[in-house]
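Novice: Here is how the chains run, residue by residue.
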Amino acid sequence: MIEVKGLTKRYGERTAIDQLTFHANKGEVVGFLGPNGAGKTTTMRILTGYMPPSEGEGKVAGFDLLTQGLEVRKRVGYLPESVPLYPEMTVMQYLDFMAELRQIPNRQDRVDEVMEMIRIADRADSYIGNLSKGLRQRVGLAQALLHKPEVLIMDEPMDGLDPQQQIEVKRLIREIGKEHTVMLSTHILAHAQELADRVIIIKGGKIVAEDTPERLSAQRAGGGRIYLEVAGDGAGLAEQLGRLPGLGQVRAVSDGNFEIDTLPGADVRGAIAQTVVNGGWQLLELRRDAATLEQVFIELTAGEVEAPAGAAAAEPVAEEEGDAHA
Amino acid sequence: MRNIWTVFKREFGYYFVSPVAYLVMFMFLVTLGLIFSYQLGAAAQFGGAPDVAGWVLGPFVTLALFLTELLTMRLISEEHRTGTMELIMTAPVREWELVAGKWLAALGYYGVILLVTLIYALIANSVTQPGIDIATLAVSYLGIVLFVGALLAIGLFTSTLFSNQIAAAFAALAIYLGLWLISLPFQDRADTVGDVFNYLNISSHYDNFSTGVIALSDVTYFVTLILFFLFAASQMIESRRWR
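Quick mapping for you: the protein sequence lines, in order, are chains A and B. Mapping the first sequence onto our numbering, position 73 (from 1) lands on 498, and the numbers just tick up by one. Mapping the second sequence onto our numbering, position 33 (from 1) lands on 38, and the numbers just tick up by one.
In case anyone wonders, no lab produced these hints; they're calculated from the structure. Any given hint could be a false lead.
Residues from chain A that face chain B, not an exhaustive set, calculated with beta carbons under 8 Å [what the hints assert, rightly or not]:
1. G474
2. Y511
3. E513
4. M517
5. R527
6. Q528
7. Y652
Simulated pairs of lysine to any residue, SDA-like, Cα-Cα distance not exceeding 20 Å [to be verified]:
8. K14/B <-> E513/A
9. K14/B <-> D550/A
10. K499/A <-> R7/B
11. K14/B <-> E619/A
12. K499/A <-> I9/B
13. K558/A <-> G585/A
14. K603/A <-> G585/A
15. K573/A <-> G452/A
16. K558/A <-> R86/B
17. K558/A <-> K499/A
18. K558/A <-> K14/B
19. K603/A <-> E619/A
20. K558/A <-> W247/B
21. K14/B <-> K430/A
22. K499/A <-> R79/B
23. K573/A <-> E593/A
24. K430/A <-> W247/B
25. K451/A <-> K573/A
26. K14/B <-> R79/B
27. K558/A <-> T87/B
28. K499/A <-> W101/B
29. K14/B <-> Y552/A
30. K430/A <-> E513/A
31. K558/A <-> D547/A
32. K499/A <-> T89/B
33. K14/B <-> D547/A
34. K603/A <-> K430/A
35. K573/A <-> R532/A
36. K451/A <-> E480/A
37. K499/A <-> D547/A
38. K14/B <-> R713/A
39. K484/A <-> G452/A
40. K558/A <-> I529/A
In this text the structure is predicted, and so the values were computed from the model without any measurement. Using N, Cα and C, we set each Cβ at its ideal position, and we do this for glycine too.
For reference, chain A alone in the conformation it holds in the complex (with noise of 0.2 Å):
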C-alpha cells in the first residue's frame, strides 16, 4: 500500500529526510516515532502527494508518488498536524465541501454517516471557529476519512484531545487499520505502542529502527524489564532468579519488589513466574516495563546519529519556510 525507496526532501541547503526506504501493508498500523524535527511531517506531506520528493521514489496505493499525484491524492486521507479547517464554515457545510471536492457519489449520506462514526453529528450545524480542539480534531478526522481511503495518513491525531476522545479515537484507528493502511505520527510512546502493528523510529531524516512494539522493546535497551512483586520480603529469591538464562541484573527495589533486567530477544516472564512459585514465594504481580518502548526512543533519538547538518532543526524550519514564503 506504501512503498517507498530512497525519499529524500532537501528544503535548500537543509536535508529535512534522507534516503528513507520503508513500507506498510494493507490493513497495517504503521506508527511513525520521532523527536520533533526529525522528518515525519515532511515524510507524511511526501506520502498524501502534498509535496514531491528531492529524490527517491514512492508507491502508495499503487500509484506512483512522482507522477500519479492526483491518482495518489484521490485514495489518501490526511488528518494534517495543525488541523486546518474554514472557521466561519459549520461542520457540515465543511464536511459536504470536502465531499464535493472528493466527488463522493450519495455525498449527504457519507457525510451523515462519517459524522456518526466520529459523533460530531450533534455539533453538524455548530461553525467550526467555535469548535474546542477536540472537535476540531475530530471533525479533520471525519474529513480524512469521508471518501473511505485506502490509506490514512495521520500526523499526531491524539494532539489535544481529552482522554476519553484520545480512547475513542484509539478505537477508530483500530476498526479503520483493520481494513486499511494506517500511517500515524505520535511522540507519545505508549499510543504508538498500543496502535501500531509496526513502528518506524526516525531521527535527523533518517530511519533508526524500525520493528515491531514488542520486539523494539524486547531487542534494544539491552533486552526489556520486568517489574516483579512478590509477598514477603522475597529473600533468596534475587539469588534464584539469577540462575536463569536469558536473565541480566536481578535488584531487589524494596522488600519483595525486584527489578529484573531481560537479555536481548528472550521472553523469560514465564520461566520467572515458575521460579516463583516453585521456591514457594505467592506472586503478587509480574509485568514488563510499560515505558521499554520509550527507553528504546529515548536511547535511540538521544544517541549520536550521523546526520546532515542542521538536518534535526529542518523540519520546524521548513514549516515556517511554507508559512512565509514571501
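Dock chain B against the given chain A, drawing on the hints supplied.
Specialist: Below, chain B without anything else, positioned relative to chain A:
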C-alpha cells in the same frame, strides 16, 4: 470542471460572511450613489441627458483600481497562512481548477455589485424620453466585467506570492497603478514606443466600451491579461509544491 464549481460555491459564499466584502460593497455603492445623485441633480438643473456609463461606470473603474486588491489579497495567501491549503492540495483538485473557481467567485461578487448599479440605469431610464441607449450601456457593462476580471486575475496572482495579505494587496495595487499610469510619460509620443505604452494602459481599454464600441484590440488586451495572470497564479501554486 466540477471542482471549479465546488470551489466557486464555497468562495462565493464566503463573500457573504466576510466583513471586508461587505465594506468594499458599501464603499462602492455609497460613492457611486452620491456621484449619481449629484450628477442627476446637475443634469436636471442645467439640462443634459443622463449618462450612466460616464456617471456610474467611470467612477467604478477608478474605485475598482483602488479596492479590488482588498478582495483578492486573501484568496490564496490566507489558505497558505492558515494551512487549509494543505488539505486542498492533498485533495484531488488541480491547481488551475482552484484558481479558476476562486477567480470566478470574485467575479461573481463584483457581478452582484454591478447588478445593484443597474438601479441607476433604471432611474436614468425613467427620467428621460425616449429612455437611455440600452445597447451602449450593455457594451459598457461588458467592458467593466472584462476590466474587473483582469484586476481580479492580477490580485489572485499576487495573493499566491505572499502569505501576508497586506503584502499581497500592495503588490496588486502596484501592478494596477503601474498599468494605469504606464502611458503617462509617453502620452505625447506619436511613434511606436508611444503606441506600445498607450496600448498597455488599462483604463484606455475601457474607454472604448463606454462609448458602445467593442474593439477586438480591447477585448484581446483584457482576455490576455486575465489568462496570463491566472496561468501565472496556478504555476506559482504548483511551484510551491517543489520548494
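Novice: If a hint holds in the structure, say so; if it does not, say that too.
Specialist: Going down the list of hints, with the structure as the test:
Taking 8 Å as the C-beta cut-off, the interface hint given for G474/A holds, the closest approach to chain B being about 6 Å. The closest approach between the C-beta of Y511/A and any C-beta of chain B is roughly 6 Å, which is under the 8 Å cut-off, so the hint is satisfied. Because the smallest distance between the Cβ of E513/A and any Cβ of chain B comes to about 5 Å, under 8 Å, the interface hint for this residue holds. This hint is violated: M517/A has a C-beta 13 Å from the nearest C-beta of chain B, more than the 8 Å allowed.
Evaluation of the R527/A hint against chain B yields a held restraint, the C-beta minimum of about 6 Å falling below 8 Å. Because the beta carbon of Q528/A sits about 6 Å from the nearest beta carbon in chain B, less than 8 Å, this interface hint is met. A cut of 8 Å between beta carbons decides the hint on Y652/A: the least distance to chain B is about 43 Å, and the hint is violated. The straight-line distance between the Cα atoms of K14/B and E513/A is roughly 14 Å, inside the 20 Å bound, and the hint therefore holds.
Annotation: proposed proximity of K14/B to D550/A holds, straight-line Cα distance about 18 Å (limit 20 Å). About 15 Å separates the Cα atoms of K499/A and R7/B, which keeps this hinted pair within 20 Å; it holds. A hinted pair counts as satisfied when its Cα atoms are at most 20 Å apart, and K14/B with E619/A does not qualify at roughly 42 Å. Between the alpha carbons of K499/A and I9/B the distance comes to roughly 17 Å, so the proposed pair stays at or under 20 Å and holds.
The hinted pair formed by K558/A and G585/A meets the criterion: a straight-line CA distance of about 6 Å does not exceed 20 Å. With a CA separation close to 25 Å, the supplied pair K603/A and G585/A exceeds the 20 Å bound. With a C-alpha separation of about 13 Å, the suggested pair K573/A and G452/A falls inside the 20 Å cut-off, and the hint holds. For the proposed pair K558/A and R86/B, the alpha carbon gap of about 19 Å is at most 20 Å, so the pair holds.
For a cut-off of 20 Å, the pair hint linking K558/A to K499/A is broken: about 27 Å separates their Cα positions. A distance of roughly 27 Å separates the Cα atoms of K558/A and K14/B; the hinted pair therefore is violated under the 20 Å criterion. For the given pair, K603/A sits about 14 Å from E619/A by alpha-carbon distance, which is consistent with the 20 Å threshold. For the proposed pair K558/A and W247/B, the alpha carbon gap of about 31 Å is over 20 Å, so the pair is violated.
Using a Cα cut-off of 20 Å, the hinted pair K14/B and K430/A is violated, with the two alpha carbons roughly 40 Å apart. Between the alpha carbons of K499/A and R79/B the distance comes to roughly 27 Å, so the proposed pair goes past 20 Å and is violated. Using a Cα cut-off of 20 Å, the hinted pair K573/A and E593/A holds, with the two alpha carbons roughly 19 Å apart. At roughly 19 Å between alpha-carbon atoms, K430/A and W247/B fall within 20 Å of each other, so this suggested pair holds.
Between K451/A and K573/A the alpha-carbon distance is near 14 Å, which keeps this suggested pair within the 20 Å criterion. Simply put, K14/B and R79/B have alpha-carbon atoms about 17 Å apart, close enough for the 20 Å limit, and the pair holds. Distance restraint check for K558/A and T87/B: the Cα-Cα separation of roughly 15 Å lies within the 20 Å cut-off, and the hinted pair is therefore satisfied. Between K499/A and W101/B, the direct Cα distance comes to roughly 17 Å. Compliance with the 20 Å bound is thereby established for this hinted pair.
Restraint check for K14/B and Y552/A: satisfied, since their Cα atoms lie roughly 18 Å apart, inside the 20 Å limit. For the hint pairing K430/A with E513/A, the CA-to-CA distance comes to about 41 Å; that exceeds 20 Å, so the pair is violated. For the hint linking K558/A to D547/A, the alpha-carbon distance of about 16 Å falls within 20 Å, and the restraint holds. With a C-alpha separation of about 17 Å, the suggested pairing of K499/A with T89/B holds against the 20 Å cut-off.
The hinted pair formed by K14/B and D547/A fails the criterion: a straight-line CA distance of about 25 Å is larger than 20 Å. For a cut-off of 20 Å, the pair hint linking K603/A to K430/A is broken: about 25 Å separates their Cα positions. Distance restraint check for K573/A and R532/A: the Cα-Cα separation of roughly 12 Å lies within the 20 Å cut-off, and the hinted pair is therefore satisfied. Taken as a hint, the K451/A and E480/A pair is broken in the structure, with Cα atoms around 25 Å apart against an allowance of 20 Å.
Distance hint between K499/A and D547/A is unfulfilled; the C-alpha atoms sit about 28 Å from each other, more than 20 Å. With a CA separation close to 56 Å, the supplied pair K14/B and R713/A exceeds the 20 Å bound. At roughly 16 Å between alpha-carbon atoms, K484/A and G452/A fall within 20 Å of each other, so this suggested pair holds. Proposed proximity of K558/A and I529/A is contradicted: the alpha carbons are some 27 Å apart, above 20 Å.
Comparing the model with each earlier hint shows violations of hints 4, 7, 11, 14, 17, 18, 20, 21, 22, 30, 33, 34, 36, 37, 38 and 40; every other hint is respected.
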